[in-house]
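*Asks:* As a plain string of letters, each chain reads:
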Amino acid sequence: MSFTPKTQPYNGKINAVTLGTGDQAIVIGGQNVLPFYTFDAPIEHAPKIGVEVSDLAGEWTAPEIRAFYEGCVTMADYAKKAETMPGADFICLHFESADPNGANRSVEECVADAKAVAEAVSKPIAVMGCKNIEKDGELFSKIAEALQGKNILVLSARSEDYKTVGASVALAYGQKVGAETADDINLAKQLNIMLKGLTVPSGSIVMNVGTAAVGYGYEYVASTLDRVRTAALAQSDADLQMPIVAPVSPDTWSVKESVATEEDAPEWGSQEERAIDMEVATAAANLTGGADAVIMRHPAAVATIRQFITELV
Amino acid sequence: MKVLFQIEGGGAIGVECNAGDNLLELARRANVAIDAPCSGNGSCGKCRVKLVEGDLASLPTRHISYEEFKSGWRLACGSKIVGDVTVFVPDIASAYQSRMKTADLSSPQEVAIFEEAQEALRGSGVEFSNDCMALELKVEPPTLQDTMPDNERLTRAIQDQLEVERVEIPHSVMVRLAHVLREEGFHITVKGLFLGDVFRCMDVCPASDKDLVGCAIDIGTTTVSMVLADLNTGKILAKGSSGNGQIRYGADVINRIIEQSRPGGRKKLQDAIVKETLTPLIAGLCKAAGVSARSILRLSVGANTTMNHLFVGVDAQSVRMEPYIPSFFAWDGLLAGDLKLPANPLAPVFLAPNIGSYVGGDITAGTLASMIWDKDEYSLFIDLGTNGEIVFGNRDFLMSCACSAGPAFEGGDISCGMRATDGAIEACVLDKATMEPKLTVVGDKGQKPVGICGSGIIDIISELFRCGIINNKGLFVREGRRVRRDQHGMGRFVLAEPEQSETGREISINEVDIDNFIRAKGAIFSAIDTLLKAVDMSVEMIDRVYVAGGIGSGINMKNAVNIGMFPDVELEKFRYIGNSSLTGAYAMVMGDQAVEKVAQVAANMTYLELSTHPGYMDAFVAACFLPHTDARLFPHSRQEV
Chain H
1 MSFTPKTQPY
11 NGKINAVTLG
21 TGDQAIVIGG
31 QNVLPFYTFD
41 APIEHAPKIG
51 VEVSDLAGEW
61 TAPEIRAFYE
71 GCVTMADYAK
81 KAETMPGADF
91 ICLHFESADP
101 NGANRSVEEC
111 VADAKAVAEA
121 VSKPIAVMGC
131 KNIEKDGELF
141 SKIAEALQGK
151 NILVLSARSE
161 DYKTVGASVA
171 LAYGQKVGAE
181 TADDINLAKQ
191 LNIMLKGLTV
201 PSGSIVMNVG
211 TAAVGYGYEY
221 VASTLDRVRT
231 AALAQSDADL
241 QMPIVAPVSP
251 DTWSVKESVA
261 TEEDAPEWGS
271 QEERAIDMEV
281 ATAAANLTGG
291 ADAVIMRHPA
301 AVATIRQFIT
311 ELV
Chain W
1 MKVLFQIEGG
11 GAIGVECNAG
21 DNLLELARRA
31 NVAIDAPCSG
41 NGSCGKCRVK
51 LVEGDLASLP
61 TRHISYEEFK
71 SGWRLACGSK
81 IVGDVTVFVP
91 DIASAYQSRM
101 KTADLSSPQE
111 VAIFEEAQEA
121 LRGSGVEFSN
131 DCMALELKVE
141 PPTLQDTMPD
151 NERLTRAIQD
161 QLEVERVEIP
171 HSVMVRLAHV
181 LREEGFHITV
191 KGLFLGDVFR
201 CMDVCPASDK
211 DLVGCAIDIG
221 TTTVSMVLAD
231 LNTGKILAKG
241 SSGNGQIRYG
251 ADVINRIIEQ
261 SRPGGRKKLQ
271 DAIVKETLTP
281 LIAGLCKAAG
291 VSARSILRLS
301 VGANTTMNHL
311 FVGVDAQSVR
321 MEPYIPSFFA
331 WDGLLAGDLK
341 LPANPLAPVF
351 LAPNIGSYVG
361 GDITAGTLAS
371 MIWDKDEYSL
381 FIDLGTNGEI
391 VFGNRDFLMS
401 CACSAGPAFE
411 GGDISCGMRA
421 TDGAIEACVL
431 DKATMEPKLT
441 VVGDKGQKPV
451 GICGSGIIDI
461 ISELFRCGII
471 NNKGLFVREG
481 RRVRRDQHGM
491 GRFVLAEPEQ
501 SETGREISIN
511 EVDIDNFIRA
521 KGAIFSAIDT
531 LLKAVDMSVE
541 MIDRVYVAGG
551 IGSGINMKNA
561 VNIGMFPDVE
571 LEKFRYIGNS
581 SLTGAYAMVM
591 GDQAVEKVAQ
601 VAANMTYLEL
611 STHPGYMDAF
621 VAACFLPHTD
631 ARLFPHSRQE
641 V
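Protein chains in written order, with our numbering: chain H, 1 to 313; chain W, 1 to 641.
Please note: incorrect hints may appear among the correct ones.
[What the hints assert, rightly or not] When the alpha-carbon atoms are kept at most 25 Å apart in a straight line, the in silico PhoX-like pairs for lysine-lysine are as follows: (1) W:432 with H:196; (2) H:13 with H:196; (3) H:81 with H:13; (4) H:163 with W:432.
[Stated by the list, open to error] If you only want the chain H side, here are some residues facing chain W, beta carbon under 7 Å, derived: (5) 73; (6) 186; (7) 189; (8) 190.
Hints in this document: simulated from the structure, not taken from any laboratory. Just so you know, even glycine gets a beta-carbon here, dropped at the ideal spot from N, CA and C.
Using the sequences and the hints given, assemble the complete structure.
*Replies:* Below is the structure:
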């Protein structure tokens, strides 16, 4: 007698959220099984990879990254090139230099960059800010307005600014909004409830439930992902069924494994390889934990994770 | 240098000092009562004083506006002496000491609750009998022929009436005996304990004085309540309450413990409760009842673990320090004379036993009074105070835990918060369309509001939430005439304009206040939740909820459920049982069986330490939301938007 495995799809289902428009649009989420459990039910929309393009990309020093983006000057140049990176599903613009405690680039300049990118690329766009609550609020609102109709994803609304970000990005300009919390299932759920309270539709919300590079308190991220996903699927908790986007590269490229030069840590080997390894390990951990999309930087890391996804789905 | 404190509605107190001395410390040294719930951290903004003459070096504070500063207002805790100075001290302190509205049996409702509890105790077979006895004796005077000394004379006279082998005459009786016998012409009453074979004298008095009085005391962190009762009949002779004099050493137990561990601190804290609070209260009640303090032959105390320690003068530091094991749980052998309480020095003082650092005698006495230990139905007992204590169980088992709710229920940590004295907003209803509030204020008719007390805050937050003015996190989401924002964008809801309030300052509740309160209610609910989960029970299994504590009298249960503070069970299941600690203490003072019973209840109670419980923090974060992150727990909570 042959063995027929019993399939166990859940009643709860992750919301399918579309980013971008036209034939380049992508869908994240939509499954009713645990990550890569294709033996329980087919996973229609495989996890996606967003390629990070920072307005400080000119300062990136990793040789392979430099080589890949050779000749790129403007953010649009970088984005156009990133779009061609094998494995890329969408582009994630990171406006680090808007930080008032850093370069403090003006909102107008950032918006102009975003517009230029939107004209140059056809893949969906996500936008990350500079972590300054006030600046991000203005920046997100202006970019969402300028890119109206492009169906972009804005990362992220936090409990401090969910009202301004949620109202402008999702309600006024019809874009998708990320809800960012720090490693706590209850806080994640509370923020979703509050966004829904503003009448932001569930289908316009994705979550960032907390990130960390592996080895840097990643246990908290892992257990949060686990609990959030289980609540969404097993308990059909509609306030937690939003797909999860994990911005991996901003974390992994700032830890000492990626930053320490070969002169400082000769026993650690190639700096670039270390950085790639950190990025791959963290992205893989996020995807197996429940992330529906990861944001990455290095072409080699993106290629590896692309292969990882392809083989598992 | 010299500071002169001009006390509103009172005299002036001067104290010598040095440059650099802290004004609040000086006030404490001089026994000037300044309300300082945060113990001088500068965080509560309650210790306001006004400069009359001279100057102070004061730190800037967000609690004093620029205009107020210009007109001389300062925070005592943030002010240092720079020279001779005269300050005006507002009469907030005496307000909470004398006019506090607490569950002290002053309303018919409280009396009914109290009597019902006594009936229930008797019904369950706890007899209210004790060994105290008053014997009227006619003793033959000594003559040249009859040369028996006084003590033998007394012994014989007692043995004539009672079949006892031995009569004990302690020193305190012996020293009075000769004088009383002769003063009263050898016709006296002897009071004492009839213990089978032994009669232990406690007092000798004039023949007419047959008063046998018991004194039951509830020592709360904030309030002290007391009843005097006739030890024969159980009749209540007098009742009263006052603020705990330790208040000026901090609003919560932690600050008091810190204060008592300073040099001389234990004595200061003990004096504050025994000399400054209990002594005048007992004296006042004795006067009202027409009995002498020496007639008090039994006392009982229901107090939390820290208050018990400070009351008897035992170092309470271990309550606060890991592994949180106090000096005593149950301890007997205490006599009134040990503490120099105004009572018969030989009168035993029964302390309701503590069962943990944060679940004390007030809870064991309260549990005794709640009768949940005698029922089949599953009951939840909640004592709301600075610490929230929860007991759950029935006749087969009892579980208890304590959580730190902070001072929010008593108006601390709230910008316009106050204790439930005159002028406190104790209830509030909002009009959904216009957002106009209808306020109920403690005090005589026409009393203008001064601030908001715990039950008022529950009502206001529940109403703001119901009307969609605040969201689940307590942030303002609706605009209107009464919703205002400061320069940082922080929202507040104005309940009374400056001209409508007693103080001339606006009375409002802001987002920080609401957040503080949400934490307090989150602590209570998550403690309930964790305790129930620990015994694998759900909210539906609760048959009855008993709510106790001074804050309880004004609580609107529906609103408390609406904000997710109490579990969402049928409102009929809630029962307010007033000051259950005092009720329990009364039972103990009346009868030895109740003393035994409370010891038994305490011994059978399992203490769950929440601070080390793995799920508690998670449950707490989930409960810090209106009504709760898991809305399914509160099907009856609603927002009308």
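*Asks:* Compare the structure with each hint and give your call.
*Replies:* Tested hints:
The hinted pair formed by residue 432 of chain W and residue 196 of chain H meets the criterion: a straight-line CA distance of about 22 Å does not exceed 25 Å. About 18 Å separates the Cα atoms of residue 13 of chain H and residue 196 of chain H, which keeps this hinted pair within 25 Å; it holds. At most 25 Å may separate the alpha-carbon atoms for a hinted pair to count; residue 81 of chain H and residue 13 of chain H exceed this at roughly 35 Å. Note on residue 163 of chain H and residue 432 of chain W: the hinted pairing holds, with a Cα-Cα distance of about 22 Å set against a maximum of 25 Å.
A hinted interface residue such as residue 73 of chain H counts as satisfied when its beta carbon comes closer than 7 Å to some beta carbon of chain W; here the least separation is about 39 Å, so the hint is violated. Among the interface hints, the one on residue 186 of chain H holds; its C-beta lies about 4 Å from the nearest C-beta in chain W, closer than the 7 Å criterion. A distance limit of 7 Å between C-beta atoms decides the matter here; for residue 189 of chain H the minimum to chain W is near 5 Å, and the interface restraint holds. For the restraint placing residue 190 of chain H at the interface with chain W, the shortest Cβ-Cβ distance is roughly 5 Å, inside the 7 Å limit, so the hint holds.
Of the hints listed earlier, those the structure fails to meet are numbers 3 and 5, in rising order.
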